[in-house]
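Asker: From just these sequences and the hints, can you work out the full model?
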Amino acid sequence: MSTTEAIERVPIAVTVNGQLYRREVEPRLLLVQFLREELRLTGTHIGCDTTYCGACTVQLNGAPVKSCTVLAVQADGGEILSVEGLEKEGELHPLQKAFSEHHGLQCGYCTPGMLMSAHALLAANPQPSARDIRKAIQGNLCRCTGYQNIFKAIEAAATELRGDG
Amino acid sequence: MYPAPFRYHRAASIGEAIRQLSELGEGARPLAGGQSLLVWMKMRFGDFTDLVDIGRIPGLDAITHDAKAAQIGALATHARIARSPLAKLLPIVGDCANGIADNQVRSRGTIGGSLASGDPACDWPVLLTVLDATLHAQGPGGKRDLPVDGFVEDLYVTRLKPGELVTGISFAMPAKGSAGAYVGFKRCAPAYPTVSVGVQLSLQGEQCEDARIAIGAAGLTTIHARAAEAELKGKTLTPANVARAADAAVAECDPVEDQRGSIAFKNSIINALVKRGIEAAKRRCHGETVEVSHEYY
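Residue numbers (the working numbering), protein chains in the order written: chain A, 1 to 165; chain B, 1001 to 1297.
Note that these hints are calculated values from the structure, not bench results.
For glycine and all other residues, C-beta sits at the position ideal for the given N, C-alpha and C.
A hint or two may mislead.
Covered by chain B, per the in silico footprint, the following chain A stretches (three or more residues, Cβ under 8 Å) [what the hints assert, rightly or not]:
id	region
1	23-35
2	50-59
3	70-83
4	136-144
Answerer: Written out as structure tokens, the structure reads:
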């Protein structure tokens, strides 16, 4: 197709972290670009951009997705939770605190994606086994930590969220 | 990376999708979860002028079964299949659904998309060949059924006709005394398997009445390993017979050397996975609960 040909923009309405946004977008706009460039929510990172690394993970209708491989138009009518939605009234989410306390991050590039995968895990399974935690973040690559402190952080946050710590 | 520009259409029904795909012609593709198609488009593979979004068509994601047969709609995601009662009843289905990529991809990717992509590394064509499943398609010429075995004719080429959609699959429930296992070997979770093997056995004690074996990522299409099956049918599952089946399976495969390994390396993995699949299937036939998961380097 000739790129000079006008492509009709598509109206979408997406709720992000509880706030409804209406925009007209190019069909090829990816969800991660919609979040970062249209809404200026740059907490969601673009890592590999090939559906491998998981840095761009957000939740779409409660399920973790790689937002580099979802079109913004596919999210029309949906609810997105991105890393910016974890903090409440200036208070970090227990997962965020645990990542900080347990050194679950070094360079921090993978962290927003890790948090969103971990958040989805704990929402579905408040008492995950070590194996459940490993499986939950299989799609999130970290090149710094060696993962051990990430596992510890998620475990600690699970305990905290259950209130039996 | 942006895909090249394309026009976006949303279909509310299968009929509308077929109409749109037929009218828009060769450059139009159906979009389901997009976990294969969008990856291709970002790499600028293909020349797609129009996407018809079938992802919201109601009722196309049902997963049902009774004593006789199981049906899975094209839009059922890997994650939903993994959590379904069907996967609990048939562990081989859970092995496959749970082993596909990672949570994120499983939330979006669909069984119909996995089949229609024609990728020899996809897991579902292997599993469904082993279960002798039927693929349901619908197009401008109406509905038709075709076997999943042979549905992918060549690399990324399927038997779908222009304007035709995968609407679902179905298969007969395995009889009592029949069980299977699906194992993959991968570099890491998000990667396609380096190779994968599905095995379904019907046992009478130690005697193998029937066997189905298929192998993924070991050639241009899914390999239905008939010679390997012949080494097991009517025989007891002695280590020697299992080894002969594994050797026969390797001989039927035609893996390519790539970044995932040499041909010799892949052949050794196929050999090991066939044996592992047979062992797990055998134990499941005998009523044991066997945990099977994809293995990593």
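Asker: Looking back at the numbered hints, which does the structure fail to meet, lowest number first?
Answerer: none
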